[in-house]
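Chemist: In case you want the letters, here they are:
Protein chains: 2
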Amino acid sequence: MKRLALIVFFLGAAAGFPQGVLHVDASPHAKLKSVPVRAVKMGEGFWAPRMRVNIERSIPSLLQLLEEHGVMDNFRRLSGRKQAPRRGPLYTDSDLYKWIEAAAFVLQSEDRPQLRAQIDALVDDIVAAQEPSGYLNTYYVDERVKLRWQEMQRGHELYCLGHMLQAAIAYYRAGGSRKLLDAGIRFVDHLVEDFGPAKRPLLTGHPEFELAVSELYRVTRDPRHLELARYLLSGAERERLKLRESELRYMFSGRPFTERTQLEGHSVRAMYAASGATDYYLETGDAACWKTLEGLWRDMVTGKMYLTGGVGSRSAGEAFGEAYELPNRQAYTESCAAIGSMMWNWRMLAATGEARFADVIERALYNGINSGMSLDGTLYCYRNPLELGLEKIRNPWYDTTCCPPNLQRTLASLPGYMYSTSAEGVYVHLYHSSVLDWHLGTAAEPRPSGSGLRLEQKTRYPWQGRVEITVTPAEPRDFTVFLRIPGWSPGAAVAVNGQLWKAAVRAGEYLPVRRKWQAGDRIALTLEVTARLTAANPRLAGNAGRVAVEWGPLVYAAEQVDQQGVPLLFDAALVADARPRASWKPELLGGVVLIEHRGAVYEKPLAEEPLYQSVAAAGARRTRPATLRLIPYYTFANRGPTEMQVWMRYEPAGR
Amino acid sequence: MKRLALIVFFLGAAAGFPQGVLHVDASPHAKLKSVPVRAVKMGEGFWAPRMRVNIERSIPSLLQLLEEHGVMDNFRRLSGRKQAPRRGPLYTDSDLYKWIEAAAFVLQSEDRPQLRAQIDALVDDIVAAQEPSGYLNTYYVDERVKLRWQEMQRGHELYCLGHMLQAAIAYYRAGGSRKLLDAGIRFVDHLVEDFGPAKRPLLTGHPEFELAVSELYRVTRDPRHLELARYLLSGAERERLKLRESELRYMFSGRPFTERTQLEGHSVRAMYAASGATDYYLETGDAACWKTLEGLWRDMVTGKMYLTGGVGSRSAGEAFGEAYELPNRQAYTESCAAIGSMMWNWRMLAATGEARFADVIERALYNGINSGMSLDGTLYCYRNPLELGLEKIRNPWYDTTCCPPNLQRTLASLPGYMYSTSAEGVYVHLYHSSVLDWHLGTAAEPRPSGSGLRLEQKTRYPWQGRVEITVTPAEPRDFTVFLRIPGWSPGAAVAVNGQLWKAAVRAGEYLPVRRKWQAGDRIALTLEVTARLTAANPRLAGNAGRVAVEWGPLVYAAEQVDQQGVPLLFDAALVADARPRASWKPELLGGVVLIEHRGAVYEKPLAEEPLYQSVAAAGARRTRPATLRLIPYYTFANRGPTEMQVWMRYEPAGR
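Just so you know, the sequences run in chain order F and U. Numbered by our numbering, the letters in the first sequence go through residues 1 to 655 in order. Numbered by our numbering, the letters in the second sequence go through residues 1001 to 1655 in order.
Take the hints with a grain of salt, since some may be wrong.
[Said to hold, decoys possible] A few chain U residues that don't get close to chain F, going by computed Cβ distances all over 12 Å:
no. : residue
1   : H1029
2   : R1050
3   : R1077
4   : Q1083
5   : L1248
6   : R1249
7   : P1256
8   : E1264
9   : N1395
10  : H1429
11  : R1506
12  : K1516
13  : G1565
14  : R1621
15  : Q1645
16  : R1649
[Claimed, not checked] Below, in silico cross-link-like pairs of lysine to any residue (SDA-like), each with a Cα-Cα straight-line distance of 20 Å or less:
no. : chain 1 : residue 1 : chain 2 : residue 2
17  : F       : K516      : F       : K604
18  : U       : K1199     : U       : E1259
19  : U       : K1585     : U       : S1246
20  : F       : K604      : F       : A618
21  : F       : K458      : F       : W501
22  : U       : K1392     : F       : E245
23  : F       : K392      : U       : G1295
24  : U       : K1082     : U       : A1129
25  : F       : K604      : U       : D1299
26  : U       : K1146     : U       : D1194
27  : F       : K31       : F       : G43
28  : F       : K392      : U       : S1246
29  : F       : K31       : F       : A287
30  : F       : K585      : F       : W149
31  : F       : K146      : F       : S133
32  : U       : K1604     : F       : R539
33  : U       : K1392     : U       : V1561
34  : F       : K392      : U       : E1325
35  : U       : K1604     : F       : V301
36  : U       : K1041     : U       : P1018
37  : U       : K1199     : U       : Y1135
38  : U       : K1146     : U       : F1195
39  : F       : K41       : F       : A474
40  : F       : K604      : U       : A1323
The hints are simulated quantities; they were obtained by calculation from the structure and are not laboratory data. It should be emphasised that the depicted structure is a prediction, and the values quoted were computed from it without experimental measurement. For each residue, glycine too, the CB sits at the ideal point set by N, CA and C.
Let the hints inform the model, and build the full structure from the sequences given.
Modeler: Below is the structure:
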């Protein structure tokens, strides 16, 4: 009875004000608090056309494709609204849920009655299919009822429920109906009733539910919901379910999370599991859990992450490889895995306020995630390799269509990733013209009078390095504006109201600008946005003797279609160039900075040379000069199949 | 009736004299004719201890393991000689057949009554399990009878029969009983009766049978046997069997062989299919078939073959990768695939007499095949990667134990690969102390009086480059001794009876030494056996900025266990060295030339450095000098788990 009252209170409170991508205001170990998606208005600039195309083309066209492929009918047939056989792989429910979540994030930013009506209709179809017990899954029905919870390693039942919860919460936070949320809670209550250490065993064969049920806990404050996350992360059912070693590795589940020492197995599973474990940490401060997370994070950034922020290099098992196993052409780097990394790093950032996590978010977001959706919003990459032959890599539909709605929900929720607040002030994570209209402190605290805050950011980032922020507190007040200095910008400078800010500005950290802020105070941040050459650790064998070109947060790539006078890109090399030429091309690929770099191309095509020859013979190879043109990686394969390469062979000066 | 008489004649003739690895004496498109295994006596030197350990340790211990794992009992249970459930994967029959073939090749060289008795007992068990129809397979029995020929994509029925035929032929050629051969012919007759374009469809889901039935044709001269090979290579049943594109690719079967344009799919399947197609060409001279074979061969050597001669780089599907997809650490390079390449190239060599095929044979034999069996003959590699971490890669038994007996039959048949004859004279393919006691011309021709020929070869090859051959024809006669000048030896020299042979000596070709030979004439060949550095085509990304060290036909590797003062091999690089030091170490790894090379090791371990950093920061990395020690690749992992690397980072002089 008492618990019920508590739930009602929190639900009521939650409905009373908007919430962020995560609602960690009351999470005791979240140093940073998310700001609501609707508290940030994005202005013109880099992300505006991407977000527009997401809303106007991508989200509507995917809805239609989901309908055409029978994904909604899979629900309707259960309530008798439609006569149709079930279609698609066993996890199609989650694709629809993720679409709803994406649409709900759009509604968190702006009102769109038609979209709202579409969601309401879908929710109606979904909830009509729910069984009285609370169980809801369109695959484990009819002759497969007996298989429920019997093949959890592959069954995706909890995975689908997790996405249902995330969709429900996002819609609820958009001021939508509670109907899907209540249905989700009913399903979770059914789990709580029947499953657990002393009852039937439960397993997330594809982790996802852990983070969803943690977020549900933040909505309901029902301790049984957090307990469910703890139980699933504990690996308690390894024996009862007779899980094999290979399954434990592949699923990144079933073994105590705190026994993990490296990222392995299915990359999306691993990223979602780590996200869920971080959510659990944010609520509990569990030290062993944090130690594991730190170890896994180091494992990722020191040997298992592509320059694009992509992860999961092996196509076999869509899996993490060994350390330094990062082939460019064979890179699997599923869009969902890069998104999973962003989700995980967002949680690690909330726990610590440390910029290293925001660096990974930015890297993945601008490159390995952003590449996943075509510029026109209708084609998607499942893989995002760093080298490509004449292959069609963007498609409108995949039978496993997890990536498209995952990309959509990420773009739709982007305003929620721009800023955070903390006890000390406000954090600026990402740079883009935008207005934050929110307040200092957290919602969990009594809202102090006069703590309202407006930040107005103006910039052409990432094309240019200048960022101007106007700070407008409701009344003059002491607090800190934390400016993220990206790890790639060693030469950043900050001025406040035209005066150079004297403290040391360190790349890869947040610069705390603490003072008494008055309405209209101006911050000017200058980041070192230039064409720069990046080398890989020599243990990453495939990149030895190669460099990548970067521009601010953007990784660049060369496409064959842009190379005049170079018959085959793969026969060319970059040559040391004191002044690579960067120019703004408004007509190219929706508007990009094009980089032209000195290069050389082998006179004899490499394909005509032997596979192996003496070092002396190889050294006598002749080249002629060429100019190589590079575009941002995220725009690759938008002009039909053409060869592409990120890591280019490099000849240092004087050779 | 007429056909039967023909068969009896050829079988009789075959029994009358020994035959080679292939019996192509009567094959109209075989330029070279194999010499019998027993016509060559191997002397002391490189292969002697390998062949000895094969006979004394490897072959006997595998027999025991096959027995322990129930492989023989799978036959005995069918004849009622044993009560036991069937054990092992569906292709275990082939493992036993391959063991018999290996043992039979031993008997082709020397008489071993105990081994002969063991084979006879096994053959008795095998043939007792044969059904009256001729069908014989220990998996498709009992409740699986109805699945016979129903799942040919994976069923391995023809694969097992192919190995049965090869074992039967090898034993028959060793002067053994005809019992297994007759059983094999009965099974083939059953196929001829029931299968074909107008009857039931047949498919080699794992090619192998094509080459076996072609060899059977060389024994029987029954045109129906060659026709069966043609039918299987024709891809005629693609429609009837509704074969999917992915299956056609993976199986390297089911599609017209002449439509193939690249090596793809399962590498052993592809190599065996190409071998079978070459056998078909040797009999028919089919021009389209040859064109395809040439194209596939170029595809292999220009982009899909490791320096070790290994092929099949992907572990997923044990498959060929794309061109230049040759990762070192992830290299799958199954021992059987390298053996398959040797078998194929042996057939291509027979067709042409061109040394490029012998170069591939030597490369695979000395390196990627030779590495497959441990020095003590009891442990086997399934994979033969070119870089290895702390991993146990050699094991006594694999449930899929195809590689161990494949290695055994290759080593046991090695004398048969040393020499060939042709209409013009005699070919020397491989260098090793040995005596060839045979004759000129082919067995198909009437044997001319006085054409007896003895070649006595003395050498310490591959440790030294000096080869001495004494030519002893039965009587003085004009003919050519074709000396293979390996592609890696640009500076070879030849002398006859102490006089420099004046013709140009070209690496990668056979040098024809034509003259009137008299008993006791001496050839001295000097090959350029030194430590040399080899570079890979820059399109092979993983080897950019790296070199491999080679010594004659041997690829070298560095193992951590040999590196004093270098904490981790992977942190080291070779530095240009005018005088690498090579020294004979009789106590090391059974006796090898050790190569010591100038090197450098990074002062800060690479694992502690960032995955990505600016080119400038990377260039400031500091090293200290070191001496790196390299051993022949084939000996790797014989001293327990230790890191290993073939392609080493390389710093050219003056950097």
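Chemist: It remains to establish, for every hint, whether it holds in the given structure.
Modeler: Here is what the structure says about each hint:
no. : hint               : in the structure
1   : H1029              : holds, 28 Å
2   : R1050              : holds, 25 Å
3   : R1077              : holds, 30 Å
4   : Q1083              : holds, 30 Å
5   : L1248              : holds, 19 Å
6   : R1249              : holds, 15 Å
7   : P1256              : holds, 25 Å
8   : E1264              : holds, 14 Å
9   : N1395              : holds, 17 Å
10  : H1429              : holds, 21 Å
11  : R1506              : holds, 16 Å
12  : K1516              : holds, 38 Å
13  : G1565              : holds, 19 Å
14  : R1621              : violated, 8 Å
15  : Q1645              : violated, 10 Å
16  : R1649              : violated, 6 Å
17  : K516/F to K604/F   : violated, 66 Å
18  : K1199/U to E1259/U : violated, 24 Å
19  : K1585/U to S1246/U : violated, 50 Å
20  : K604/F to A618/F   : holds, 12 Å
21  : K458/F to W501/F   : holds, 19 Å
22  : K1392/U to E245/F  : holds, 18 Å
23  : K392/F to G1295/U  : violated, 25 Å
24  : K1082/U to A1129/U : holds, 11 Å
25  : K604/F to D1299/U  : holds, 18 Å
26  : K1146/U to D1194/U : holds, 16 Å
27  : K31/F to G43/F     : violated, 28 Å
28  : K392/F to S1246/U  : holds, 17 Å
29  : K31/F to A287/F    : holds, 15 Å
30  : K585/F to W149/F   : violated, 55 Å
31  : K146/F to S133/F   : holds, 15 Å
32  : K1604/U to R539/F  : holds, 13 Å
33  : K1392/U to V1561/U : holds, 15 Å
34  : K392/F to E1325/U  : holds, 19 Å
35  : K1604/U to V301/F  : holds, 18 Å
36  : K1041/U to P1018/U : holds, 14 Å
37  : K1199/U to Y1135/U : holds, 17 Å
38  : K1146/U to F1195/U : holds, 17 Å
39  : K41/F to A474/F    : holds, 18 Å
40  : K604/F to A1323/U  : holds, 18 Å
Hint check: violations occur at hints 14, 15, 16, 17, 18, 19, 23, 27, 30; the rest are consistent with the structure.
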